[in-house]
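Number of protein chains: 2
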Amino acid sequence: MNYQKALLFVLLIAFSCAKQEKVMVSDSENQHPKLILTAKGVKDIRAQLGTIPIFDNSLLKVKEEVDAEIALGIETPIPKDYSGGYTHSRHKQNWFVLQKAGVLYQILDDEKYAKYVKDMLMQYEEMYKTLPLHPKTRSYARGKLFWQCLNDANWLVYVSQAYDCIYNYLSEGERNKLETNLFKPFADHISVDSPQFYQRVHNHSTWGNAAVGMIGLVMDDEELIQRALYGIKGKEMDKTAKDDDGGFINKSGKAGFLANIEEPFSPDGYYNEGPYYQRYAMYPFLVFAEGLQNVKPELKIFEYKEGVLLKSINALLNLSDADGDFFPLNDGQKGMSYYNSALVTAVDVSYHYGNQDPGLLSIASKQNSVLLDDSGLAVALGIREGKTKSFEKKSINLSDGPEGKQGGVGILRNEDIELVFKYASQGSSHGHYDKLSYSLYENGEEVIQDYGLARFVNIEQKGGGNYLKENKTWAKQTIAHNTVTQNETSHYKGKYEIGSQNHPDLHYFSSDNKEVQIVSSKVRNTYSGTDLHRTMAIINDVDLEKPFVLDIMRVTSDKKNQYDFPFYYFGQVLDANFEYKTTSTLKPLGKKNGYEHLFLEASAKADDKNSKFSWFNNNKFYTITSVTDKKDELLFTRIGANDPEFNLRRDPALIVRRNNVKNTTFVSTIESHGSYSPVTESALNAKSSIAEVKVILDNKDYTAIMIANVKGNTKLFITANSDALKETKHNLKLNGKNYSWMGSYYYKQTNK
Amino acid sequence: MNYQKALLFVLLIAFSCAKQEKVMVSDSENQHPKLILTAKGVKDIRAQLGTIPIFDNSLLKVKEEVDAEIALGIETPIPKDYSGGYTHSRHKQNWFVLQKAGVLYQILDDEKYAKYVKDMLMQYEEMYKTLPLHPKTRSYARGKLFWQCLNDANWLVYVSQAYDCIYNYLSEGERNKLETNLFKPFADHISVDSPQFYQRVHNHSTWGNAAVGMIGLVMDDEELIQRALYGIKGKEMDKTAKDDDGGFINKSGKAGFLANIEEPFSPDGYYNEGPYYQRYAMYPFLVFAEGLQNVKPELKIFEYKEGVLLKSINALLNLSDADGDFFPLNDGQKGMSYYNSALVTAVDVSYHYGNQDPGLLSIASKQNSVLLDDSGLAVALGIREGKTKSFEKKSINLSDGPEGKQGGVGILRNEDIELVFKYASQGSSHGHYDKLSYSLYENGEEVIQDYGLARFVNIEQKGGGNYLKENKTWAKQTIAHNTVTQNETSHYKGKYEIGSQNHPDLHYFSSDNKEVQIVSSKVRNTYSGTDLHRTMAIINDVDLEKPFVLDIMRVTSDKKNQYDFPFYYFGQVLDANFEYKTTSTLKPLGKKNGYEHLFLEASAKADDKNSKFSWFNNNKFYTITSVTDKKDELLFTRIGANDPEFNLRRDPALIVRRNNVKNTTFVSTIESHGSYSPVTESALNAKSSIAEVKVILDNKDYTAIMIANVKGNTKLFITANSDALKETKHNLKLNGKNYSWMGSYYYKQTNK
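Listed in order, the protein sequences are those of chains A and B.
Residue numbering for the first sequence follows numbering that gives the first Met the number 0, starting at 0 and increasing by one per position.
Residue numbering for the second sequence follows numbering that gives the first Met the number 0, starting at 0 and increasing by one per position.
Chain A extracted, bound-state conformation:
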């Protein structure tokens, strides 16, 4: 702390000596900086410096980092490596440092930063003008500094900000040199020379568009700006071509930044690839939007599509668990969270350009960092003025699809229990074949997991840090998810062409009743002739310690099938009410579609009423109670078969297998209960509180479930399977008793 304070002191001294008269504010469009930092913003920041702790600290950290880099000297090696290798890491580091050094030059008015930026840019200029394609050939769109255009675009998004910051520091001749030999050809390489990368609706292209647009804004090059907003003029793409990940390059023919806003975001702000990729894509969306707002305010970019960019930030923050970690839907790497720097941008931009939601200030405080620009200043001032409130995450339904009509994601929250129900569309090339699947969290810990991706991002030893083949053979397959797999085949035959043309539909979502948070969705054609309808609720019942999950998965088919219904729990088996037999030799459960990656550890015949299974994890107890009959099989599996490079985690599952039936309904409850302390060695509430779960009625109109608990109380839950409108009145006779209610579902304690 003392060191930090001393530095701050030096910093402020340095600043007070700076020639303030240098800063001139004008409305002229040619005033620089203008892109992200603005001349007015710089003036305001300088006026507040030293009185805005979160900003001052962010500035100090950046200064330390950049000063250390300046001390090391400039390195611009000839490109050679994949991600994780030296040249890749160095050029990546350079783009960050350039952007930061530019900002420091503006805020601290210290020429050493401008000179550093200029010197490095000149080195790049010298190298780039004769630079061939990157020697590594794996990408569908090779860059020059990096093995893929995507990273070249990343570079330009940051470096255009640095250029903006030192624009006025450079002579016209220097600017001409850089623009002619570096920036213009760089922008061309990632756009007109790489249309398969640039001319599409995809997070890669968003980076490309932003890169071209931002350098265009700085250079005041209208042609580049138009290319950024609307794509390469007149360029028609092959609609059947695919990229490395198996996704179509450009099926719709759409391109450009506005199309990239239009297509992937639903009106609720859900990004169709899921939060992990939204986080990645977010930065170019927001930083280019900031630039457009500053330079071309008449475009009203933040109001585009009814303000979807700002809505998407709220959606993204809601797609995180109690610790701020994003739910790993589709190809999401676990551990990515709102602590990522892209989210610092998102939170600050949302606060500044949105409606100054004080909840955002609590996230900014946790991030303990702000942008060194006008929006970061606004956040720092908000925090200084004590406006912070906590960011409350409630149950939320986020529609998917450009018009919000391609399913969605429903997040149910009740006390510490959080359920993420995925009924979204395919999710572009990063989508998984997991219709109506879910994952379950308790206070930020995974209870029933979504596997996420099979990749170790940027860890070179694991396939260069890129997608591993098990991502396709395991992580994307249906059996890797908590949903129904029919006849050991993935949804939509595991084919992108089919998956991307289908999606589930919302049946209903209800969070009005605090004690019953619920979502219900239907999907057709995951298998030809088979429909799925799943209703999931978190119910906070007075007789149970914590809210429990009720899960009703209805399967209707035109023929008899085998259905597998897994629970990807974590931890150690405690207890079961069925006799399972472990096998002394472990064999793969199947041959393909992900089954080849599951070892069968034990199997059992199910109980004729309820199969109960308890496990223990993170010093808490969990119990599944599933309605079964004695023809059902129960399989204990573990991931890791046919995994020649140990790319997969050895995680367990319990699978309910139901064979040779046409229509069936999987009904289960999942309880979290009690706790264990290894210090006091006391186990509290270690046993399930649910005595029985029973299906009372199950037809096309209603499913009625009786839940009896160990206190002897019985609860009835009824969901409307056909007409679930809020205002519909229902009358139903069950076991001689009449039940009437209005709305999608009924839940009431029947005796006490």
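Treat each hint with caution, since some may be false.
Copies of the same chain look alike in the list, so a pair counts if it works inside one copy or between any two.
Said to hold, decoys possible - The calculated DSSO-like cross-link candidates involving lysine-lysine, where the alpha carbons are at most 27 Å apart (straight line), are:
#	residue 1	residue 2
1	K686	K333
2	K591	K238
3	K591	K471
4	K591	K580
5	K710	K79
6	K386	K304
7	K586	K468
8	K630	K590
None of these hints come from the bench; they were simulated from the model.
Chain B: place on chain A using the hints.
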């Protein structure tokens, strides 16, 4: 906090109204309380109350807890259940509440607490006088309130304190009733009626001795006190009988509290069963010692055996990792830590009766709790007066055996790296067959694990919370540990009779050089005709990011054998320099001695020089570099085969298998390096810094190892295998160069 403050206020008001004249201080031995709380202590506590935050808060918590119990009413159910069941838990809860209520009566002088204790004791008296043996039959020594005498003894250790606190509140008639019908027969049941429990040297007996002694001190019953100190007079035990755990009941013939101090503690204070059981045994040792010190100060119990009781507390605190979790040597359950209430006792007693080590105050502060007695008051005053210093854990060697001549445990510490090297004796019935094994920690996280026990203490669903059969078949076996297994057989044939008659010996321990912490030990007869000699060091070398482990295991035998040498790492395989082949079907590695519990996942032929293996865990990178030749096999295993009730964790290991050799030396380095952030997705220093490890010389006098790092620097390490005295001078010619040094080992960078 407000609620707490309000309570404190009420508490102090209540106290100021109390009739202080009731407290009379006298030297009379019949003054009560006298056992743990003393009349003088009560007076001092009352004088300081409200000014000693940690004490006040501890008092508040106890008051809240006891008041809640009083509100619930008294329950003394007829005994019925095993651990974890209702009657067990209730009687266990009662003993705690009784002790606490007694203390509250003394400190707060509120009769409601005395009445509560009296009423409950009278209910116990009513029940106990006709109570048969506990109905559950599994114990070798059944109790009456509980299924095992051990828990009955626990009860009496606590309840004798409660009785002491309300002794003067009771009429003589009431005291006679309780003593005649409850306390005396209770003490007799757990001693003269259960000699197999009482008359031995074992942690169970310590509880028994303390229980009998403490009630004897309160009742002023000299016969009970003598029985406690010296065992049942004239009682000879069958020297060949065994208990439930397979340990001898009483082979030595020794018994009583003093023998229980004498036998299990080494002069350094190491407890022969290991820290988990020491923690469990600690409470009766210390609380009875406190009672003896208070009532019979002439016995000088804290000076007994050169102050071993206080030394043992220091040893125990040193047997914990950076988080305070005890190393799970022998049958230790992971997660037990110095936050356990027994350690609150230990820390407070050590501070008060020892030399007021200010480092203990920092642990007391972390515990955030003190005893409500004279020693807790001393700690609270020390903290209040700002005496706290941090408790520094350094490398430490703890001898084992009553005279410190039966091996020991060496703990090496260097920055965040901590290595626990076990060369101790068998460790009584809770010992594992793991001579010269080790476990490795980094900042409180396990890097190379010791499995610990196969038991879920107090979790009823797992075998009633008792030892599982896999504890014998797996956890105790040699192959479950990081040491050498010969011919798939455990050390000492896995036989307690042999194990308990043998032990390793220290070769040397050296922590003088800050950069080289080192321990070396030899053992004969783990296998007939085979000797083991292991030297382990943590070396902090300027060329490496973090201190690394150097491990030299010399095996000399009179015949050719197969040697297995495992590394129980945690996490995911990253990389190896050898070609391994996974198997699509997993089979157990062997048929017995623990091998039946290991699945073979993959195997490889070793590299002809060094086999390198890297893994990834908790966002850190680790690499083993092991000297191998191409005849060596490398086996990837996973625990969990032949585990019909899923009692074992599915943890991985890499095993170096060397077959058909007589003498051999396993030489390896283990590095922790770098880090990964899932938020920034950057991998730092993800690769090993060690280029080569080579054995230059290996004979009965010296082993010399060359370690070359990726910077091109080469280091030489030489350990003296025969004469390792500090003052011995060595001269050695290696590759034409002369090396001379004094002491056990040589380590120096040879070129730079």
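Hint-by-hint comparison with the structure:
1. K686 / K333: between (30 Å within a copy, 22 Å between copies)
2. K591 / K238: Result: close neither inside a copy nor across copies, 30 Å intra and 62 Å inter.
3. K591 / K471: within (11 Å within a copy, 39 Å between copies)
4. K591 / K580: both (24 Å within a copy, 20 Å between copies)
5. K710 / K79: between (68 Å within a copy, 21 Å between copies)
6. K386 / K304: neither (29 Å within a copy, 64 Å between copies)
7. K586 / K468: both (21 Å within a copy, 26 Å between copies)
8. K630 / K590: The answer is within: 24 Å in one copy meets 27 Å, while 34 Å across copies does not.
Violated hints for the displayed structure, listed by number in ascending order: 2, 6.
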